[in-house]
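If you want the building blocks of each chain, they are given just below.
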Amino acid sequence: MASDDRPAQRVPVEERLFSLVLALLATETGLTKSEILSTVQGYRQSFRAGGDNANLERKFERDKDDIRELGVPLETVADPGDPGNNQALRYRIPRGAYELPDDVTFTPEEITLLDLAARVWREGSLSSESRRALLKLRALGVATDEPVIGYAPRVRVRDAAFEPLSTALERRQWVRFDYLKPGESAARERHVAPLALVQFEGRWHLSAEEAGTGAIKTYLLRRIVSRVTTTGKTTTTPLTGQQEAALAGLEEIWRNGVARVRVEPGTDAATRLARRRGAAAQPDGTLELHFVDAAILADELAGFGPEVVVLEPSELATAVRERLERTVADHADA
Amino acid sequence: MPTPRGPRPRSVQKRAPLLAADKLTFLLALVPFVVDRGRVTVAEVAEHFDVEPAQIRDAVELIAVSGVPGETSTYQYEDLFDIDWDAFENDDEIVITNLVAIDDSPRFSAREAAALIAGLQYLAALPENTDAAALVSLTRKLAAGASGEPSQLGVETAAGDATLALIRRAVARGVQLELDYVTSAGASERRRVDPLRVESVDESWYLRGWCHLREAVRTFRLDRMSDVVVTDEPIGHDAADVPLPDVLFEASDDDLVVTIDVAASAMPLIADYVAAGASLEERDGVVRTTVRMSHYHGLKRLVASMPGAVAVVAPEDARRAVAEWAAAGAARYR
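Residue numbers (the numbering used here), protein chains in the order written: chain C, 335 to 668; chain E, 8 to 341.
Here's a subset of chain E near chain C, in silico, CB distances under 7 angstroms, partners left out: (1) ALA36; (2) LEU69; (3) GLY126; (4) TYR129; (5) LYS148; (6) TYR340.
Take a look, some chain E residues computed to stay more than 12 angstroms from chain C by CB distance: (7) ALA61; (8) GLU96; (9) VAL102; (10) THR104; (11) LEU220; (12) ARG221; (13) ALA223; (14) VAL237; (15) PRO241; (16) GLY243; (17) ASP262; (18) LEU263; (19) LEU287; (20) GLU289; (21) ARG295; (22) SER301.
Rough simulated footprint, nothing fancy, chain E against chain C, three-plus residues with beta-carbon under 8 angstroms: (23) 424-435; (24) 452-458; (25) 625-639.
I should point out that these hints are in silico values taken from the structure, not numbers from a laboratory.
Built from N, CA and C at the ideal position, the CB exists for glycine as well.
Chain E on its own, in the form it takes in the complex (with noise of 0.2 angstroms):
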């Protein structure tokens, strides 16, 4: 099945300011680069390491300044970089003329290289991976290339599902997709929906796309679909139209806003629900804080599967609806 791509989401993935240890990288990995290339724009090379143009030409401002202190200790002129000061100037060109001490590429830290391969075993179910012997010769190619022996980090390989196999297929070819879909509310319904993205937190793994029947971007969790039909509907919106902010669930002026009290040990796991801006104080153990929430089906869920860890403070319609909720449950155990 062939890969959809397209330019690189720039708008959405905001790049990360470069710490000390990020630049001393790119400082060893522009070297070897520049070099193999001979001549390269600064343009070529932001795009190239997804880093900004400023960036560059402070990176090779300070290549061009560096050496060793040679034989005299005191840094001769031979003994350090240089490069062609008019093609930088004039053409924003940068051309190294004398090379100092490095001209390969550095090895991966033990850490970096466990950081992909653990990357890597977690995506290994994807449709687009069926490969596994390349995923093993790819793993072994990076602890090759490591420094160290990698550290010793696993997750496992999130799990194949044909209903990913359709979706991708849809976003592939850009056509719509009809699907059953369960809210948490209970309620059966047919969705048509534009795909977007996919996306996953852990071992959940989600669809982002706009839905026809709400005419508003929605996510939906695979694990609640059924009956995924791929259409040969053209989508009518692509991610390029509506842009998918990062969290996975979008606040609303309609969300209902419940004050809660959780036990300070649980708060990561219900971080993604806590209101932007809400209050988190903290006594003995306990955080109160407000989270927003679409309607109440969601709220007892959560809260119910949290049992101990988090109670409903206000308002008295949400403590009421947990705790019918969970009477409902523990009556089928009578």
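Next up, chain C with everything else stripped away, as it sits in the complex (with noise of 0.2 angstroms):
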């Protein structure tokens, strides 16, 4: 609108990120920091030619990573004559790489359990992206079978440490967090590039390579008990097949952990450990159970009170045995 002279504020942040990438997706050689500033919609408004434009600079700034969040990919193309000049730096947004590939389908049933995937999450940035993820998908305009109804499968992202980690994976960067390992009196701070994250058993991990020693080890997002921060280096390690790696490893440690227990016939315990996975009842009347961490597996057998008595391993034993003279510890004086 040539004659569109609202003041910038005026312009919806949506109407100048639209605005954007409609002149970089429209521009074959790419337009200067200068010409997108001075010319597209929400930033001319407030352009002053020959001026300070700095505040205007920061916002583009900003724009481009939003952009970019949303998988618009946004290039940078230098001056070949003036490679070492920022200003001389063309902006476009390539139609190949922006545009889903033809061969990129989905049939009605396809879209019909995407979308059960996509309601899977229910809160933080998952959910923002499972929303945005479906609103591309409907963009194909393919008729979509009725929802499947009778099912709210849900996954939680409730520890504070996920958001964090989630970004810096995404952004390849090395964090800093205190880790309080059981059985260990007080925390430690460790200083890792996360490769993957991975839920087992209702559980939130990190998979991540340890700075100096390069080992891949695997922490428990509840036993993270400082702010994530990130340090400013960026790892390359290859991501390719991690967050499969780390789910693989962790089914290898719940197979060979393997605890002995016997329930009291007819309880609450009794139903409920022998329908867990893996559970296997004995010819001697007791059941098998495998688990990852014997630390939370403890705290789960002392739920059960006297329903449930472990027998092997004896570490297992005498964890319970003291979470449940702790809890009777706490309530002494009723």
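Mind assembling these two chains? They're in different frames, but the hints should get you there.
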């Protein structure tokens, strides 16, 4: 609109972002920052020719980040004749990298399933990301089947460390946090590069490369007791296959972790423990359980009070007994 | 097995307001959808995208005045989108008559693709998703349709369970279930239930249904059920006439209100039980708050499973119930 002289603050954010995407998609050779700020809707209204545009430049920097977060491939092209000059950098969005490839198509059944997959996330950034992914899926115009009724699946993301770790993982940043290992009296600082975030047995785990040793270790998010801070350093360790490897690693630990317990027949413990994944009733009437983390299994078994007794391993039996005694002590003057 | 389908439960799932990032995504998705359809009503778009009609009209008005700076850098008429204003204003129909810069759907961001992929991974064990190859192909398509490599986010596949398949069959056929259910008090009862919805939270699965014994909606844990039988008796209540709130456990006037001290770091673990509007006073890393429980059987199990992190303050009966439960458990190790 040539005649649009609305003050800049009257141009809504989405209009400015939309205009920026359109302008950068339409250009083959790219636009310089100064061309963008002086001509694109939402910037041009506050552009001062020959004046100080520092605020506007900062706004453009933020917009660039926001657009990239949405999966729009905003590219920077250096001027071949003047490669070191930032003012000569050109910005563009290559159409081929922006558009969904033609061979990526979805059937109505697949869209229905993806709707359900998106609804698994109901909190935090994963919920926003799923919502946006669904909008993009809808753009394809596939007539969807009616949604699956009778299902409300949900995966929780309640650990405070999840969001900062997920952002660091996306940006490939090294992080620091304090980690409290069971059996240790004080938390110790860890310095790691996140490789994957996986939920196993309902708990979120971080798989990460440890600074110094280069070893890949698994951390339970629940035991991160400090804020997660980034160090400014980034990593290039390849990510492909890391989440599968992390889940497979936990599965192996789970398979090798075996406990034998005796449950009182007819109790809540008898019903629920027998229904755990991998639980196996033994000929002598005992029950074999698998676990990843003895401290967590001990908490869980302590909750069943007298309905279950741990037979093996003895460390687990001791851990459960100590937990129950702690609870008695905490409620002693009753 | 056919999947039961029905209208989207709009009254239950309230649409969240769109953020600027969502609005931009919606604009980028709406254009190719409308172009593809040629002519489409606002109501159809609202239905397809699950977005309020008013937001669609706002978006169309914004698109209609948007464009690219063009050769003159002044947003001349031919550089702008245009719509059939008569159709829009008189018939609530959208027709784009001049198209600028975009005509295809945008790619997913790496994180958007990752959220859907992890959601699919979690749902892989649903009785409907027996075709593992189809899920692999869908995952590949999402990755191919993303602007970057999907982040390493994984969720363990929920345990496939024979009970789940039986319940789904009953939901699909609209018939009652009969099952043995062990309450947290340890009592087992034969129940007749109109199954309404299967819900999950992480690795735990629940059935929401109308309980003929209690004559009310109840939440049943799948791992507390046994001897589940699909009857031929049609259900007396269906999801349309029994409102199912989003929270799994509803407060009732008969609930016991218990004051507890919780380690601040453990608060997310008991969030479901905290009474609505309860005070959350924190002192030295300990939060004093109140939880609602239908009886002490649930309370003693919960508190004993979080030794050192949760302690009952009042009433005295509740403290004693927890202490006795833990003491009985500890006694089994002597």
